[in-house]
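K.L.:
This is what each chain is made of:
2 protein chains.
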Amino acid sequence: MALTQVSSNKRCDGYQKVFEHDSSELKCKMKFAIYLPPKAESSKCPVLYSLSGLSCTEQNFITKAGSQQAASEHGIIYINISTFTVYSGCNIEGEDESWDLGTGAGFYVNATQEPWKTNYHMYSYVTEEVYVSLVTPWGGHGALICALKNLGKYKACIYLTLHRLKLFSGYLGPDKSTWELYDATVLAESYSGPELDILIDQGRDGLFLSSSQLRPDNLIAAFSKQKIPVVFRLQQGYDHSYYFIFSFIIDHIKHHAKYLNA
Amino acid sequence: MALTQVSSNKRCDGYQKVFEHDSSELKCKMKFAIYLPPKAESSKCPVLYSLSGLSCTEQNFITKAGSQQAASEHGIIYINISTFTVYSGCNIEGEDESWDLGTGAGFYVNATQEPWKTNYHMYSYVTEEVYVSLVTPWGGHGALICALKNLGKYKACIYLTLHRLKLFSGYLGPDKSTWELYDATVLAESYSGPELDILIDQGRDGLFLSSSQLRPDNLIAAFSKQKIPVVFRLQQGYDHSYYFIFSFIIDHIKHHAKYLNA
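In the order they appear, the protein sequences are chains A and B. Residues in the first sequence are numbered from 1 upward in steps of one, following the numbering used here. Residues in the second sequence are numbered from 1 upward in steps of one, following the numbering used here.
Next up, chain A with everything else stripped away, as it sits in the complex (with noise of 0.2 Å):
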């Protein structure tokens, strides 16, 4: 795909920029943000991907999650997506009436439904058009699925807050069996792939853990059954904020880097 570049700022000795495409999948402008290490100047490095989640742009993480310092000194290239950026470009009819349909919250799925289903294609996105040989998506809900669901494609994969499944019919109809699909429990359930390493960390004073939309439990237990390695920390006073992520981005990016550089 043809990029244009839209910013390079020098930080942490690399540098953060932002590019700017049309997207085959997506049928619309796409821009992400990418954060190259200084050892990318010279060599190969691997790749993560942070995808965000409800009413991110790709500003957001860049911003405040605080990654650069790790990536740099990790020499890890660092790809930030996200839903938001690229479906408010679409001018769908009544994409921005909801806070959890439409452009604000778009999910890693692909979309079956009408009127999203020519642009709402960000799972195909991430793991297809923008797949890079050595990638590793974390996120939330979003990364999970896409390693569980591409066997062998991800060296690994973590994520920091735990969102319980609540994929609106608007995007896949009323057969709920279509939704199991992109359920990260579901697919642990029956997962068979190389082993994994998880790392889970989980606000435990947050609204959406409180208001039972998040459900580690269910998630954990589906771990255990099947024996996949895990470490699910339920980190006290903490929210589900970017706070929240940058106190904990350099362990997760540590937990990555072990996977990337071996």
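Since the hints were made in silico from the structure, they are not lab data. Hints should not be assumed to be uniformly reliable.
Identical chains blur together in the list; that is why a pair holds if it fits in one copy or across any two.
Derived DSS-like pairs: lysine-lysine, alpha-carbon spacing no greater than 30 Å straight-line [said to hold, decoys possible]: (1) K39 x K254; (2) K227 x K254; (3) K149 x K176.
Keeping the supplied structure of chain A fixed, place chain B upon it in accordance with the hints.
P.N.:
The following block gives chain B in isolation, referenced to the frame of chain A:
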């Protein structure tokens, strides 16, 4: 002063808080941010001040600078202040008309001219009203003049970017000798206080330096003449943005911690 807590979020094992209070120096409501490292729960910790520059609210530093990880590690309380937040509440005629005078650019001076002289006393606010037992200011030019003018009151002083003194006759009147009271180069030339150890990082490729609004050479000459130790690093490829600050903040917090925790 009586403080009202505006927000509190757990971050890097400590807490990022924002407080509001009525300021006697500024004659209006003031907001500042404070990061409390975990060590502060059980023991006394030194305080580091960050004085934000043009057009910044207290949120810019919280969100973009990435200071909390190192402050947590070294047990440093971090207060960040901005002139923009407070002066936005003064409702002075014409305050929003210019980017370099009024709300967007209060500077850390005590104004003597109308219409600014009632409220624009940020210099006294920082050095008197919010002064805590062990403080060490840093930021831009404002931080350096606080240290140079208050002999022995601050243990260390550093800053990341040099802004050439551009004190507008608007704040201090046409008599240029009054401007020198807030000119770091002039203050350095006559400095006779306790030994300072100054660390300066300057982005080489920023707009302000190339347009000669920043003149680090004059300041370095003054320090050299006075035999004040200074490390000046002109960083290739970096500008004047938060990406630059984020890139070197860990070095600067370490520099402070050496003195503050001694």
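K.L.:
Evaluate each hint against the coordinates.
P.N.:
Hints, one by one, checked against the model:
For the homomeric pair K39 and K254, the shortest alpha-carbon distances inside one copy (16 Å) and between copies (25 Å) are both at most 30 Å. Taking CA atoms no more than 30 Å apart as the test, K227 paired with K254 passes inside one copy only; the shortest distance there is 23 Å, against 43 Å between copies. Proximity of K149 to K176 under the C-alpha cut-off of 30 Å is restricted to the intra-copy arrangement: shortest distance 18 Å within a copy versus 70 Å between copies.
Of the numbered hints given earlier, the model fails none.
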